[in-house]
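2 protein chains.
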Amino acid sequence: MTGKIIHKPATIRDVARLAKVSIGTVSKALNDSGKLKPETRARVIAEAKKLGFRPNDLALSLHRGHSLTVGVITTDSFGRFTMPIVEGLEAQLSDGGISVFLCNATDDREREARHVESLLGKRVDGIVVTARRSDRRPALQVPVSRVPVLYAFSQTDDPDALSLLPDDEGGARRATEHLIAVGRRRIAHVTGPEHFEAVQLRRDGYRAALKAARVPAPAGYFLAGAWSEAWGREALDRLFVRGRSVPDGIFCGNDQIARGIIDGLRERGITVPDAVSIVGFDNWEIIAAATRPPLTSIDMNLKELGREAGRRLLERIAGARLRGVHRLPCSLIVRESCGAGRPDRRET
Amino acid sequence: MTGKIIHKPATIRDVARLAKVSIGTVSKALNDSGKLKPETRARVIAEAKKLGFRPNDLALSLHRGHSLTVGVITTDSFGRFTMPIVEGLEAQLSDGGISVFLCNATDDREREARHVESLLGKRVDGIVVTARRSDRRPALQVPVSRVPVLYAFSQTDDPDALSLLPDDEGGARRATEHLIAVGRRRIAHVTGPEHFEAVQLRRDGYRAALKAARVPAPAGYFLAGAWSEAWGREALDRLFVRGRSVPDGIFCGNDQIARGIIDGLRERGITVPDAVSIVGFDNWEIIAAATRPPLTSIDMNLKELGREAGRRLLERIAGARLRGVHRLPCSLIVRESCGAGRPDRRET
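Top line first, the protein sequences correspond to chains A and B.
With the numbering used here as the guide, the letters of the first sequence map in order to residues 1 to 348.
With the numbering used here as the guide, the letters of the second sequence map in order to residues 1 to 348.
Hints listed in this document are in silico derivations from the structure and should not be mistaken for laboratory results.
All the pointers check out, no bait thrown in.
FRET-style restraints, in silico, Cβ to Cβ:
no., chain 1, residue 1, chain 2, residue 2, range
1, A, Gly269, B, Glu194, 31 to 41 Å
2, B, Pro143, A, Lys50, 31 to 41 Å
3, B, His195, A, Ile270, 33 to 43 Å
4, A, Asp95, B, Pro143, 16 to 26 Å
Note that the coordinates shown come from a computational prediction; the quantities given were computed from them, not determined experimentally.
In this text, a Cβ means the ideal position worked out from N, Cα and C, and glycines have one as well.
So here's chain A without its partners, still in its complex pose (with noise of 0.2 Å):
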């Protein structure tokens, strides 16, 4: 390579600099990500290409004095949640040349603190927070203010913070529709404890449903109890009592949960979906594709959110001021529990 001229490659910066807007809008600009106005997605397009920038400079534009190293702590011990989120994020990440480290904190914040200045003696240039649920947790301790802290399926009371959820709300008000609109009106959630954040969303969203529809939502088609399969079977016996009107639609706050309660209405000789329409949430296949009939279920679109998050991460990184809560869009995958449209169809 000697005597060869390099040319020093434009970066973000010059971008957002000659398009003068943002760094922030010219990542959304270019990932196709964001609600931007078509003239200014044009205009950051347009000076992009001048420069000879494609998106994919973005994290090569961070060489300069980046470790391209991130790190994720999780205190979900890599479970179900974090995984499409990591591998969302990593595949995201890696395609810029950067690369994750992946800590396990548990739910030890001793053990967290360790992780947090063995990631920063190893210089990462940004750091995502994972949890095993969506719940408000401390803030991460990051004594370095200069790295970026992002928070995925995780958020904290810090108000500067950035997090990205799924939505929660819309999802269920989703499920819900969906039993509305293949004709059912007698429709039950049975959902996990109702002190988790998602199960007061999700409930939200389906009161909502059902008062945009002008269905009633009778109380005692409102159950919460555990995420297992042995409480959607224990939910048939209060919500099937002789005499009393049943329901002729259940959405479930999970894949468990609809499990169970699909198991238990075949048991009772009841069919799914001739006469109750069954919906679940996670869209977790081991579980949706075995069930008898094949679930229809919420998908929170975890391996998306990992990728966005790790677009954001890079924002971050690149300068961007980005906070708040980020709430992002469920899909509908219909298969068989509610006879409605064709198996494995995926409504976004």
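Dock chain B against the given chain A, drawing on the hints supplied.
Chain B only, in chain A's frame:
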């Protein structure tokens, strides 16, 4: 810290030299793992004590000339086999201040090569390869030969490679012996696709246990198919034929098959464990605990396999020569599907 005298800490090499053993033997002795003569173990511990060398110092002793980072390359997209392994590995290494880079290569060899390049660029001290299944794969192409590679739940044709795998055959023997111990004499084996090495090894273990106990193994009692609940239910149609001798025990190749079989038996009015005892494989909590009755299953101890991978990798980084395929023991987790013992008893 200026002016303070810092003593050069003892290294694992110092202990090995004084105890007149290999570095690997020191590690085994101090970690209380592997097979060693008691007097060798005692001598190593005595020398380590004299030098003030603690087991945790193995990692710390690598400080000089090492980056204290290790890469994990998985083809499992952070799936259910990889995750417990990475959890154990990360726990083992982070205790010594070593951080883990996680790279998802899916099954894309080009992507894998880019990950290796990126890891070498970040000067990792070693690389662990893990996979979706334990079958042989091409060796990882690492152009820098001084970087040790270890295969965990994965293996390759290179005879110099070091592989850690679960003892599938031993686990299957254990499962079958348990069915014999609770009094079963007509024991079937329903399992996954026969081209999986794990399926062949588990079949061999099943047959060996029957042979040792002089229990007959009718040809129609071995059924290889898919790793699914649906296959479990389908296999019942072949096993429970009117007028034929039907099994009183079934060893299943995984927990999903076992779940399908238990559900199918219930629907035929055949009670588990009274009429038929069932053992699964994987001890996948989400399935094993939700099955009715809860499922007795074989646990591959993948978290411990990850910890062992961490220990062995440190030994290799420290200079120990380790090679070959090492099979680590599986455990029997007794729940209620065999009608024996207290629930949730772990027999190792």
